[in-house]
Amino acid sequence: MKTVVFDLGGTIMQYVGMPYSWVDFYYKGFESIIQKYNINISQEIIGNSVQMLKEFNPRISGREIEYSPEYIFTKVLEPWHIDIALQSCIEIFWNGLQLKAEIYPETTNILHTLKERGYAIAALTDLPCAMPDEIFKRDISELLGYFDYYVSSSVSGYRKPNCRGLQMIAEKFTIPITELIFIGDEEKDRKTAYNANCKFIRVQHARKETDSINNLYELLEVLP
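The opening residue of the sequence shown carries number 1 in the numbering used here; numbering runs sequentially from there.
These are calculated hints, taken from the structure and not from any lab test.
The beta carbon of each residue, even a glycine, is placed where N, CA and C say it ideally should be.
Hints may contain errors.
No farther apart than 16 Å at their CA atoms in a straight line, the calculated lysine to aspartate or glutamate pairs in the EDC-like style are these [unchecked claim]:
| id | residue 1 | residue 2 |
| --- | --- | --- |
| 1 | Lys199 | Asp211 |
| 2 | Lys188 | Asp211 |
| 3 | Lys2 | Glu116 |
| 4 | Lys54 | Glu66 |
| 5 | Lys137 | Glu91 |
| 6 | Lys2 | Glu179 |
| 7 | Lys172 | Asp148 |
| 8 | Lys28 | Glu91 |
| 9 | Lys115 | Asp148 |
| 10 | Lys199 | Glu179 |
| 11 | Lys100 | Glu142 |
| 12 | Lys188 | Glu64 |
| 13 | Lys75 | Glu55 |
| 14 | Lys36 | Glu91 |
| 15 | Lys199 | Glu187 |
| 16 | Lys36 | Asp83 |
| 17 | Lys2 | Glu91 |
| 18 | Lys199 | Asp185 |
| 19 | Lys137 | Asp148 |
| 20 | Lys191 | Glu64 |
| 21 | Lys191 | Asp211 |
| 22 | Lys100 | Asp139 |
Cβ pair distances, simulated, as ranges [stated by the list, open to error]:
| id | residue 1 | residue 2 | range |
| --- | --- | --- | --- |
| 23 | Ile82 | Thr174 | 46 to 52 Å |
| 24 | Val16 | Glu187 | 19 to 25 Å |
| 25 | Asn109 | Val16 | 17 to 23 Å |
| 26 | Gln51 | Pro224 | 45 to 51 Å |
| 27 | Ile103 | Glu134 | 14 to 20 Å |
Taking the hints into account, I'd like the entire structure generated from these sequences.
Here it is as structure tokens:
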């Protein structure tokens, strides 16, 4: 059975209006916690927490090891000295960002067609910094039924371009990692495939490059 692995964000879905790096939205999330619990803290403390969260952001730090949302929020909220359940703070932070997930129009059709053609389909995604897996999965709930195996950075413990996630997928389907076909939109996706020595297909929805396809329908022409 041929196995394809999809990156998610920017490849088959997106968060509408969100930039490459989300750091400008951190204040909004922290303000939601403050308003919910009527917390009286200084702008300096809020600024320090924003800076700490920035330092965890892999777009800035370049880290490959994944940290849990609980670990990150314990660190960034420590200066607040509040006695509020950590899970509540995490949920309120992410609700405060008012994210809107958009599945690309052709996504479900393509996934359905690949299933009919006998492909095994896996997902390999890096979660947004400090986002719980359950929140992300809730946002993509309509896609989960198409995946024979779902691996996030939380599941594997590593972020791309580390290829641990691809290793887990290859082990799951008991095939050599070199036989996987990884489909993504970013340079780090290409590097992940390179590190695994497997085939890579780049999808560029916004712009066409010489080494990419510009919509998911073209996958049906280039997949073996």
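We went through each hint and held it up to the structure:
1. Lys199 with Asp211: 13 Å, holds
2. Lys188 with Asp211: 15 Å, holds
3. Lys2 with Glu116: Cα-Cα ~12 Å, so holds.
4. Lys54 with Glu66: The given pair, whose Cα atoms are some 15 Å apart, holds under the 16 Å limit.
5. Lys137 with Glu91: 14 Å, holds
6. Lys2 with Glu179: 8 Å, holds
7. Lys172 with Asp148: 10 Å, holds
8. Lys28 with Glu91: Since the Cα atoms of Lys28 and Glu91 sit roughly 13 Å apart, the hinted pair holds (cutoff 16 Å).
9. Lys115 with Asp148: 10 Å, holds
10. Lys199 with Glu179: With Cα atoms ~7 Å apart, Lys199 and Glu179 stay inside 16 Å; holds.
11. Lys100 with Glu142: With Cα atoms ~14 Å apart, Lys100 and Glu142 stay inside 16 Å; holds.
12. Lys188 with Glu64: 11 Å, holds
13. Lys75 with Glu55: This hinted pair holds, its Cα atoms lying about 11 Å apart.
14. Lys36 with Glu91: Between Lys36 and Glu91 the Cα gap is close to 11 Å, so the pair holds against 16 Å.
15. Lys199 with Glu187: Cα-Cα ~14 Å, so holds.
16. Lys36 with Asp83: Distance ~14 Å between Lys36 and Asp83 Cα, so the pair holds.
17. Lys2 with Glu91: Violated: Lys2 and Glu91 sit about 38 Å apart, past 16 Å.
18. Lys199 with Asp185: 14 Å, holds
19. Lys137 with Asp148: With Cα atoms ~14 Å apart, Lys137 and Asp148 stay inside 16 Å; holds.
20. Lys191 with Glu64: 13 Å, holds
21. Lys191 with Asp211: Holds - the C-alpha atoms of Asp211 and Lys191 are around 14 Å apart, at most 16 Å.
22. Lys100 with Asp139: With Cα atoms ~8 Å apart, Lys100 and Asp139 stay inside 16 Å; holds.
23. Ile82 with Thr174: 46 to 52 Å: 48 Å, holds
24. Val16 with Glu187: 19 to 25 Å: 23 Å, holds
25. Asn109 with Val16: 17 to 23 Å: 20 Å, holds
26. Gln51 with Pro224: 45 to 51 Å: 47 Å, holds
27. Ile103 with Glu134: 14 to 20 Å: The hinted range 14 to 20 Å holds for Ile103 and Glu134, with Cβ atoms some 18 Å apart.
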